[in-house]
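Chains as they are written, first to last, in my numbering: chain X, 309 to 1309; chain D, 309 to 1309.
Don't read these hints as lab results, they were simulated from the structure.
Check the hints yourself; a few may be wrong.
[What the hints assert, rightly or not] Okay, derived cross-link-like pairs now, DSSO-like style, lysine-lysine, Cα gap no bigger than 27 Å in a straight line:
id: 1; chain 1: X; residue 1: Lys1051; chain 2: D; residue 2: Lys929
id: 2; chain 1: D; residue 1: Lys1124; chain 2: D; residue 2: Lys1148
id: 3; chain 1: D; residue 1: Lys700; chain 2: D; residue 2: Lys487
id: 4; chain 1: X; residue 1: Lys929; chain 2: D; residue 2: Lys862
id: 5; chain 1: X; residue 1: Lys1219; chain 2: D; residue 2: Lys1124
id: 6; chain 1: D; residue 1: Lys862; chain 2: X; residue 2: Lys1219
Spelled out, the chains give:
Number of protein chains: 2
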Amino acid sequence: MNNSELNSKVITRGKEFFSTISGEKPSLFNKGAWMGKVMDWSMKNETFKIQMFRFVDVFPSLTTGKLLTDHIREYFGEEKDMPPVLSTGAKVAGMLGSFGGAVLNKVLTTNIQEMARQFIVGENTKEAIKNMEKLRKDGFAFVVDVLGEATLSEAEADIYMNTYLELLDSLKTEQQDWKPLGASSGSLDWGHAPKVNVAVKPTALFCLANPQDFEGSVVAILNRVRIIAKRVIDLNGFLCIDMESYRHKDIIIEVYRRLKLEFPDYPHLGLVLQAYLVDTDKDLADLLAWARQNKVQISIRLVKGAYWDYETVKAKQNDWKIPVWTIKAESDAAYERQARMILENSDICHFACASHNIRTISAVMEMARELKVADDRYEFQVLYGMAEPVRKGILKVAGRIRLYCPYGDMVPGMGYLVRRLLENTANESFLRQSFAEDAQIERLLEDPAVTAEREKVARAAKQKPEEKGPGGLKPFFNEAMVDFTRADHRAEFPKQIAEVRRQLGRNYPLFIGGKEVKTSDTLPSVNPSKPSEVVGVICQAGTREVGDAIAAAKSAFPAWRDTAPAERAQYLLKAAAIARRRVFELSAWQVLEIGKQWDQAYADVTEAIDFLEYYAREMIKLGQPRRIGNAPGELNHYFYEPKGVAAVIAPWNFPLAIGLGMASAAIVAGNCVVFKPSGLTSVIGWNMVEIFREAGLPAGVFNYTPGRGSVMGDFLVDSPDVSLIAFTGSMEIGLRIIERAAKVHPGQENVKKIVCEMGGKNAIIIDDDADLDEAVPHVLYSAFGFQGQKCSACSRVIVLDAVYDKFIERLTSMAKATLVGPSEDPANYMGAVADDKAMKTILEYAAIGKKEGHLLYESQVPSDGYFVPMTIIGGIKPEHRIAQEEVFGPVLAVMRAKDFDQAIEWGNSTKFALTGGVFSRSPEHLDKARREFRVGNLYLNRNNTGALVGRQPFGGSRMSGVGTKAGGPDYLLHFMDPRVVTENTMRRGFAPVEADDDWVA
Amino acid sequence: MNNSELNSKVITRGKEFFSTISGEKPSLFNKGAWMGKVMDWSMKNETFKIQMFRFVDVFPSLTTGKLLTDHIREYFGEEKDMPPVLSTGAKVAGMLGSFGGAVLNKVLTTNIQEMARQFIVGENTKEAIKNMEKLRKDGFAFVVDVLGEATLSEAEADIYMNTYLELLDSLKTEQQDWKPLGASSGSLDWGHAPKVNVAVKPTALFCLANPQDFEGSVVAILNRVRIIAKRVIDLNGFLCIDMESYRHKDIIIEVYRRLKLEFPDYPHLGLVLQAYLVDTDKDLADLLAWARQNKVQISIRLVKGAYWDYETVKAKQNDWKIPVWTIKAESDAAYERQARMILENSDICHFACASHNIRTISAVMEMARELKVADDRYEFQVLYGMAEPVRKGILKVAGRIRLYCPYGDMVPGMGYLVRRLLENTANESFLRQSFAEDAQIERLLEDPAVTAEREKVARAAKQKPEEKGPGGLKPFFNEAMVDFTRADHRAEFPKQIAEVRRQLGRNYPLFIGGKEVKTSDTLPSVNPSKPSEVVGVICQAGTREVGDAIAAAKSAFPAWRDTAPAERAQYLLKAAAIARRRVFELSAWQVLEIGKQWDQAYADVTEAIDFLEYYAREMIKLGQPRRIGNAPGELNHYFYEPKGVAAVIAPWNFPLAIGLGMASAAIVAGNCVVFKPSGLTSVIGWNMVEIFREAGLPAGVFNYTPGRGSVMGDFLVDSPDVSLIAFTGSMEIGLRIIERAAKVHPGQENVKKIVCEMGGKNAIIIDDDADLDEAVPHVLYSAFGFQGQKCSACSRVIVLDAVYDKFIERLTSMAKATLVGPSEDPANYMGAVADDKAMKTILEYAAIGKKEGHLLYESQVPSDGYFVPMTIIGGIKPEHRIAQEEVFGPVLAVMRAKDFDQAIEWGNSTKFALTGGVFSRSPEHLDKARREFRVGNLYLNRNNTGALVGRQPFGGSRMSGVGTKAGGPDYLLHFMDPRVVTENTMRRGFAPVEADDDWVA
């Protein structure tokens, strides 16, 4: 049968299908009911939809009447034209009053619970089984799925697994009483399908599933899946492994393969694939080939995919290739393509077609008929509670259908509910178009490949011309994050670490005026995870060498200052390209020299690249003299000039990013730099020399002088030839520099400008309506990522009394799941701290903390290397030292606040003001935090580290800094002085009229 | 005769006129000749026109071959399509070579001189008389005018006057031999007109003519006009007083009236009026009424006016009413209206119709005929060298015509030449339209009143909608300068000074937390011109009061910080309105308390208003959080927050502007201010209290604490509760503040931010091609305005060897013309310095200077008051103290540089980098200065003081400041810290799409 012949049949069948169900509507779109009204309003009003879905999300945590009333007011109080649906039974005006509030609370609670029940087959095993039995009576098979909160710990994974085991125990008993569906005589539905069919979410079985630790994740998930699988096999059921977000896709496929090979002969083990993923064509082909090669029977449930927004947003945020098809019809076309591939392999692969799309279903039916696929080799599935007419239609036509039935608590149910609501209200939803709108049936049944082509053409026509940034460059966008879903990225780390390891122990000179300079005084830099491993031996600059470097910078300055800003920017762009080429190798150096985890090391390098790219563009922009004022007869040009010699003093914690960031800002602005890296990361500092050298930066513009602060620090700061000091480091050193640099020495040209980033004592606030699934892992990461050695790190978590116990329980449980060990092994969540001095200080603070409060958690650590335990201390009050002093290590103080106001007050109660975070779903609290949680970088509902150049310009005030924001639009201004040149353009009474003169004539 | 009847006659006559001269062209538009080609090219190419006219302007000062070749290259080297005319006789390519250069020099020199000779009747008296005699032979009468450089001194005024006297002596003899023109038997031309007719420019007779000193200017001019008049009368000639720029119009009319009354019976004394001035209708009516009342015969030459560009530009720069008609046809219509008025009064007023416009001439002829005006009561005049066909036509029709014949040196001739070229190449030029283009004769002869109406309508239709600034406000524009051409502005000063004088000696309290606070410790503030006059008695804050003020500011801070930026801005706008209402009174306080001249005092108040208006708008702009980054799923907002308590320490030299500027910046940014005025201007400081109080600023936001620096200065600077110090004053104090403030004291919240403007040692460079007519008065003003007590003041003038002698001669001569005395008398160019301490320091420096170099000029000073002489010292080298140290008084060091490079090097050779100036007409040198004369504010071809808010943001680097620019776009940033709030907007995988997300879907 050729394509167009098949397509005609599909359309004919589709039309029949439509006519069968004509006049019926899914209950979701029934405008007579509350839910239908909400859906209707959501489709018409985007703002309402956002508020409504967010409200649905937070709803289960609104455990008191006051919380509920407050949130209703906050979410909907400002809606000018409130849908009457929201005020059913209560006047809108009454909403804000306390009586009206109580009434509305009740109405809303009832309605939302009802809405959830639409999609959720029950709140517990008993209820679920009862309802599924009812479904079976109506002829519907089921696949059951346990809704759960995000799994954040081994304990939670066990709970999740045990729920399945108990469910299976119950089902084992119950199924004996079930009459098989269809005209079957045996114990199988329709003569071939197990009556018990369960789906399991693999990431719920291991809380740290993460492609960076691919093997570890596969093994951990498999360990629990195996137990469930055995129980399923024991009752001759069907087990399907669900697919979740793209991030875990390859892990899950691998889990499936291994599981399958453990039970090669059991036919009822299935896997979900998502047609919306661009990878799926290949994944499917690989899987079929693999099954054939291994001579195993597999089963695939093909879905369209339910995380389109999420996948698109995440990819765009990280500048990854968007993993999903960006045109809806492309997914539909892929689905048909992939369905055909499965059906063509029906000898080894059972197929579950999971879709509500009548075109898709019709296509599968016609393809199956064309390929003469036996009924027992494919089936149809739809979601419980959705598209009732479709399920009825399928049942009628195919004689068999399975409903996907989630069950469980309301709280985790809400995420599922929001996904379903989203799906149904999306503009491109087939269901919305079919039932809520009167889309032409012809159009709905069109071959999606044809639709996709047409839409691609239409999109190309609408394509805006490529946006141009400063100097005609591509506009700035952050360098892509490392993508551990890619096997090549995963493989690169061990390879580059091994490569770098071969180069350890080399001797590193200074770099002054374009020449390498050796000194007899040297210091080693070691691997903090293994102090016996010397990363490099570094020449140490004394005052003489620093003096030479200052002189070299000073003499290079005039020519560099006079180099056009756009030309200076080119050097940064070249440097960025070099760092990009070397990204994995540069990351590997960081893993070994300072103990960064793979992702952290990579992020440091990309941040360095970002600084180069961003400042290059900023300088091109600022390098353009601006005409100001528009009086005729005069031209005023406002522009900037560099200050002179810049001392750049860098920390070890972001050894490339911060060092290169400060240095490149100074350089692109036209200053010449004397760079002092931290002694702990001088080899990484040398990477900067390599980069700038290869970029061809003129001699003397960048000088590298590692050295002992005690020997040459003051000398550098005091030098009358230094006009600018950029420093990032501790408050103590920062304030010392500020104080010393303020003294003008004889012969000094400029009052010294200080760009200074110092410490933090950053807090994250956990509100009483916070989404703990999000808050817990983000707090853990913020506090313990790179061992807490970030000025931005969370070192206090302020938890509202109402959620304190639950939060702490989940946080410490998750902490327990993590491992501490050398960062080069991706299984370790936390590595060694910087050096023995750091180790000592941190341990002292941990001891202080334990005295001031009580220990909630302390991890085990390896005996070799500078390891300190992950430490969580509860019962901390604002006056405690552990609540006030910067530890700069993995010690987290937990404070219990009585309400949000107190939490904010405590958040602001230290001498620092660097970062902060809030997890809350109260619009008013978020707004209050925006205004009153006065830190340089405040993060709402996410981790409080990982500021990105251009997106989260970084820096704080009070004792955290002097109000500069690295990677922000004002940053370069600190490295330059503005000048104005005014020309009187009138000569002999004659003034040329400029284009922007404010001229009336 | 009704209007339309007359108009028909005018048109008929005009057509006859056109037909008479049909086929003839003025030599100016003869494309066969070099000049015609230049004109042609200029009309086609605006850039070339600018370059050409500027080149013509500078041409006479290109006294060496090299200078000439260089300028040709600089002016025309970049012209891509060079008009072949410029390379007549020399290939374009050859221009840049030295041989080609020499050839071209010669060609150009010849051609430009020829061009000048087109308009100038001769270079000296003899030549002029010879040529005028030739003209007489052809039937043309003349009015002769002596071209002169701008008169910058009494000596130059005398030279100018004497040239006239000598000319008149020669003419007296020569005229005896002249046959009268026309059919006259007597000695008068046409039987009624003196053969000798001279025009004189009154401002050439007094170098300081200035409406601010109206009476002084009238008297001084009259003193020399009278001498010339007597000599003219003696030979029975005609004397016409020319009109120049609008600024001097009323002075000149007054001079004419007084002169006329001195010689009431002599009929041949005339005055020029300019039809393009909006005032002229009234001026003319007044003059005719005055003549009738005084029973004197007058004569008026009515011209259109030749300074249209200049008048328009100047008015717009100063935000004055544009004094000229902005539509060309309005001037033409005014001309006809005024001509009729004169002709209607022909019994008392003789009329000289000076125009090349055939419509105008025809209209005058027809009106004269209609009114039956006798031939001896009106005549026609055209400019020598222009519109030859017109002059021939008039001669034919009217039988009489007079040519306006300038003569004199090439140098001053060039200004005249440029005006003529401009006139002829203007789009709306009648001559251009008549002869260079083929405009329809009908259109050229249209009633200009009709044309004007049509164009007004057309312009209104083209009017752009009013531009909106931040917050919907009118975009910022500088407050109008005082306009001493207005009698009301002139009258206001003595009135307000008298009013203020009645209030002297009052007691002034402190102002803390919204309350007046008295102290027993007081200090008087005195009038520096008359130290016995106590302006006010001021309570002095000690540390206790300063502590109270800091506490008040600190307690007001939270509420003020949380007040919306746009609302804070409203207080500034209110304050601006109050200051605007009180502008003359506030100026009067400055005249008495610190010895500012009228204009200087007024400029200080308008600058204060500008700061208020500008910062209000800037804050509204900056107060809007900016979304940065456009990744979906996150919202990043970048915004600013105030720092806290700001100490504002103000100087006495711009007592309102700088104090209010710094304070209002701090306040509008959300900080609370403790303000310390200078002890010398504490009463003006109190004006700020009055203004902010009336504006309703909340208590504690602005606190006023005058006091002794030695008592409370350090206390204020050291306070841990002060987060920001804004200081303007001396380098010594500035550096002390910077050093002290860098120390962090216990309990201190923020690292202190210092906004600091310090001293200058500013140089103006006089290039070898500088226009000295401009350079000399601007240098004098820059150096000695307000007694040199500005940080921006010119204290060094670096003169290129080639023009050194001439420059010095003219500068010192001009200095000699000035008077030193109390500033309340507008006749005094310079007043008293700030106090006895300043007087002592300045005199010491003058003494040092005299030792290091040699005294070029030192003025006389009154014995009472803190007066120091205007002092000019020559022979100064860069190493001299007087070339390095800030004097802050009227002492100018003059340095002789061998070339421009050395001048720039010397310009940069001090520890300061505040302002600088360059007078040059070399595009390359101006460009070099832009790049290499590294000062905060560089001024090309104008004075180096008087920076305007928004147009010349003010401030320098090195030891002049920390790179802040008051009144500039970055200024408010220094008063705030940036913050970023990042919201993860994705919940449950669902992220609302924001308008500016970079979203592909």
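Violations among the numbered hints: Result: hints 1, 4 and 5 break, sorted rising.
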